[in-house]
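From first to last, the protein sequence lines are chains A and B. Going by our numbering, the first residue of the first sequence is number 1, and it counts up by one from there. Going by our numbering, the first residue of the second sequence is number 1, and it counts up by one from there.
Just so you know, the hints here were simulated from the structure itself, not pulled from any lab data. Please note that a few of the clues may not be correct.
As the list claims (entries may be wrong) - Per label pair, the in silico range of CB-to-CB distance:
1) A:Lys323 to B:Tyr28: 53 to 59 Å
2) A:Ser232 to B:Arg160: 36 to 42 Å
3) B:Arg160 to A:Met285: 25 to 31 Å
4) A:Ser232 to B:Lys56: 54 to 60 Å
5) A:Gly332 to B:Arg198: 37 to 43 Å
6) B:Lys94 to A:Asp262: 34 to 40 Å
Said to hold, decoys possible - Incomplete in silico selection of chain A near chain B, CB under 10 Å:
7) Ser239
8) Asp371
9) Gln452
Stated by the list, open to error - Listed next, the in silico DSS-like pairs over lysine-lysine satisfying Cα-Cα at most 25 Å (straight line):
10) A:Lys24 to A:Lys67
11) A:Lys199 to B:Lys190
12) B:Lys362 to B:Lys404
13) A:Lys5 to B:Lys301
14) A:Lys118 to A:Lys56
15) B:Lys462 to A:Lys190
16) A:Lys86 to A:Lys67
17) B:Lys362 to A:Lys190
18) B:Lys301 to A:Lys190
Think of the CB as a built atom: it goes at the ideal place given N, C-alpha and C, for glycine as much as any other residue.
Number of protein chains: 2
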Amino acid sequence: MEPIKTTNFELYDVVIANEPEELKDFAYVELEGWVRTNRDNGSIGFIEFNDGTYFKNVQLVYNNESKNHDILSSLNTGSAIRVLGKLVLTPENKQPFEIQVTDCELEGDVAEDYPLQKKRHSFEFLREIAHVRPRANTFQAVFRVRSVLSFAIHQFFQERGFIYVHTPLITTNDGEGAGNVFDVVTHDTKDPNSFYGRKVNLTVTGQLHVEPFALAFRDVYTFGPAFRAEHSNTVRHASEFWMVEPEMAFADLNDNMDVIEDCVKYCINYVLAACPEEMNFFNTMIDTTLFDRLTHVANSKFERMTYTRGIELLQEAVKNGHKFDNNKIEWGMDLQSEHERYLTEEVIKGPLFLTDYPKEIKAFYMRQNDDGKTVAACDLLVPAVGELVGGSQREERYDLLKQKMEELGNAEELAWYLDTRRYGGCRHSGFGIGFDRLLMYVTGMQNIRDVQPYPRTSGSIKY
Amino acid sequence: MEPIKTTNFELYDVVIANEPEELKDFAYVELEGWVRTNRDNGSIGFIEFNDGTYFKNVQLVYNNESKNHDILSSLNTGSAIRVLGKLVLTPENKQPFEIQVTDCELEGDVAEDYPLQKKRHSFEFLREIAHVRPRANTFQAVFRVRSVLSFAIHQFFQERGFIYVHTPLITTNDGEGAGNVFDVVTHDTKDPNSFYGRKVNLTVTGQLHVEPFALAFRDVYTFGPAFRAEHSNTVRHASEFWMVEPEMAFADLNDNMDVIEDCVKYCINYVLAACPEEMNFFNTMIDTTLFDRLTHVANSKFERMTYTRGIELLQEAVKNGHKFDNNKIEWGMDLQSEHERYLTEEVIKGPLFLTDYPKEIKAFYMRQNDDGKTVAACDLLVPAVGELVGGSQREERYDLLKQKMEELGNAEELAWYLDTRRYGGCRHSGFGIGFDRLLMYVTGMQNIRDVQPYPRTSGSIKY
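With the rest of the complex left out, here is chain A (with noise of 0.2 Å):
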């Protein structure tokens, strides 16, 4: 009899659904995957395995009637084998079934040095080894989310009609102007800028490159790489990290806002539909309050809300006696996290939108409102973490942003920009989200170097 191919993935698959015809098939299993576990009770042995396919292992028994059971007994965590096995069914067990092994193979064996062993590892420690940690279980679980979760995105905006655009990462320009980019160069000693002809960096945002292509297709969005030279050290800084840039055509600030509330929600169902083994496993081990807190948002109508409202309520927050770290609270201040997190957990008691800011804190490009002191910006800010999402309707009037845009110093370096306003330009608006932020905010994970596959932060870079 020919053993089937299969993997952890589908024979969980097969015995949850439980089909027998299609159960006979899978009789007599062929497996390749690794080793995390190897007990020898010297007349049975178990090896806990996973093929990185699925969530859980599967559990392999082997005794002394399996072939090789020599190489069987002396497997060490980590190593690479080929088994031949039965499918049993264990419905009694903890495991819904495991594999009796009739043979195995060394594919690839471990050295003494191989560093993940049985017990638990520090955070720390596994980011030491950015090569071997997505072996371990919080980070088969992390950037398994992170596949899925990046999926979601692209399924959520091309169901909609949006057309995703790569802009560019090479540039001339450096967005809002902050200043902290990482400059190009090229080996050329006499000129490191002969490349191109001229300075160019990193780019910190796609949207001022995105927002021609929503004059053009309507609805659009990027999803890729930003940069930024910061030396924030923090656990919510990179200086390289992924950002999602939706921008429309003919929607005004409620539009944005709208989009924001279904995207977000459509973000959180879609993981916990498509990754429940892992969801869990963070609802556990990471966060306890995970789940309570993803669907509370997701079922939650985002409520909005003025700057100039939000002010007031710190104001009284701190009038009745609430201390914040910052407890001086003024019109025109830029709030702290402090500050988002009373908002949204102490006030409202779920999401929140932020409304129109004094426009001396937010960029160039925000949409200038009537009263002459405040801009269309709307940032979305949840319980536990404080701001999520950012964004704004943009300035369509060309004389008020070729202003804004002398001010600043811009007009002409961003002169291409500057004339969308004046080739057919209309109300349009567009958001930001911080895509690693966005998964530690699904995850529980609390630090974005535990997200990413090779975290960049300043002072470090090993791989």
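Given the coordinates of chain A, assemble chain B onto it according to the supplied hints.
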């Protein structure tokens, strides 16, 4: 009666479905988008209208009874408008329906220097106005197909359980060691490499970083930007481009070729099905052999032939009088496009995997064959283009890989990569698709500058 807000896409959808009940809902519509052309005969006027949601225009018809007739009759190409009107089926006309305008608002006018006029513009000219060209027909088609093809790639791999990995863009190694990298520095004039504490550059490939993930998840892929600081001023070279790099554990060269074949066929069929209007445009206006070429490949069994056999056939061709620009065919040479095309177009007359290349002309990580002279590489050659995909089985044997890397001088730098061969390594394979070139292949576009939103090529950067 309230108008229903709708789009070009939805209108064509509703009219073609022709459900009387649904059509009734669309009797009175509101549209927002841009004027492509406007001609006013005095008593009656016609606007070709497009809102970016669909390749085909909607015809707006107006007359003296339309409100704001003065606005309508003076609308210029490119203006953004909002119109209200009645949907009228016109089954006898070229367009299956038209909108009889009752009212119109000008949302955004166009300045006199608006560069897109009714006449046909050259691609060279349009490249200079990358912020406006997405509104031109050809680029509406190119960038919609780019988006759809991107999604097809994701869907192909996600459906098959592959994990999407965001490999880093900033890295310390230069992949295959070709040396043409962009360096990444900061403004710190004392030490431009101080940010990470060492010299870093932009990635040329995600492969080395994604291999460890294949050893954890079995099947994985990257899809992201890569960079080459090459002064190759050809129609197929850009310094910034997007790459798809799948990697599969427990897969040999034949498994690899199976996946490449499935993937290429899937992408072709997906785009043909999802973008009929755009593909029809390309087949009519850009390359009249396109449909034949694509359907031929989608319906062919991809042949497999060794490099050595390919050399023999090329030598025979020369003997029989075939003239290549480079007519000196010897084993060991790197094949030129003319040679590749001869094999796929003249010999096989269809898609062809050329396999088992001389090790000297291939990358260090490719698996050495038992002959000691060749490596388990495969290049997919297709008619009209030549190489479309390149892949290989990777060298999983520690000693052999170490020796090669020591010869190349990157064994120390890439110690972590080498270590994966000591930590439960296994046979594995992968490939790389230059996404922009795949898009050129699928659309018939001849210049990589015309399939990238903002092309980055040597000597040129404007945006």
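Checked hints:
In this structure the hint that Lys323 (chain A) and Tyr28 (chain B) lie 53 to 59 Å apart at CB holds, the actual value being about 58 Å. The given range of 36 to 42 Å is respected by Ser232 (chain A) and Arg160 (chain B), whose C-beta atoms sit roughly 39 Å from each other. Arg160 (chain B) and Met285 (chain A) have their C-beta atoms about 29 Å apart, which keeps the hinted 25 to 31 Å range intact. Checking the proposed 54 to 60 Å range against Ser232 (chain A) and Lys56 (chain B) shows it is violated: the Cβ atoms sit about 49 Å from each other.
Judged by the Cβ atoms, the range 37 to 43 Å given for Gly332 (chain A) and Arg198 (chain B) holds: they are separated by roughly 42 Å. Distance hint check for Lys94 (chain B) and Asp262 (chain A): the Cβ-Cβ separation is about 37 Å, which falls inside the suggested range of 34 to 40 Å. For Ser239 (chain A), the shortest C-beta to C-beta distance to chain B is roughly 7 Å, which falls under 10 Å, so the interface hint holds. Look at Asp371 (chain A): its Cβ only gets to about 23 Å from chain B, farther than 10 Å, so that hint breaks.
Hint status for Gln452 (chain A): holds, given a least beta-carbon distance of 7 Å to chain B, under 10 Å. Our distance criterion of 25 Å between C-alpha atoms is met by Lys24 (chain A) and Lys67 (chain A), whose separation comes to about 23 Å. The hinted pair formed by Lys199 (chain A) and Lys190 (chain B) meets the criterion: a straight-line CA distance of about 19 Å does not exceed 25 Å. In summary, the hint linking Lys362 (chain B) to Lys404 (chain B) is supported, as the alpha carbons are separated by about 12 Å, within the 25 Å threshold.
Straight-line distance between C-alpha atoms of Lys5 (chain A) and Lys301 (chain B) comes to about 24 Å, which keeps the hinted pair within the 25 Å bound. At roughly 16 Å between alpha-carbon atoms, Lys118 (chain A) and Lys56 (chain A) fall within 25 Å of each other, so this suggested pair holds. At roughly 22 Å between alpha-carbon atoms, Lys462 (chain B) and Lys190 (chain A) fall within 25 Å of each other, so this suggested pair holds. Taking the CA atoms of Lys86 (chain A) and Lys67 (chain A), the gap is about 13 Å. The hint holds against a cut of 25 Å.
For the proposed pair Lys362 (chain B) and Lys190 (chain A), the alpha carbon gap of about 32 Å is over 25 Å, so the pair is violated. Of the supplied pair hints, the one linking Lys301 (chain B) and Lys190 (chain A) is violated, its CA atoms being roughly 52 Å apart against a limit of 25 Å.
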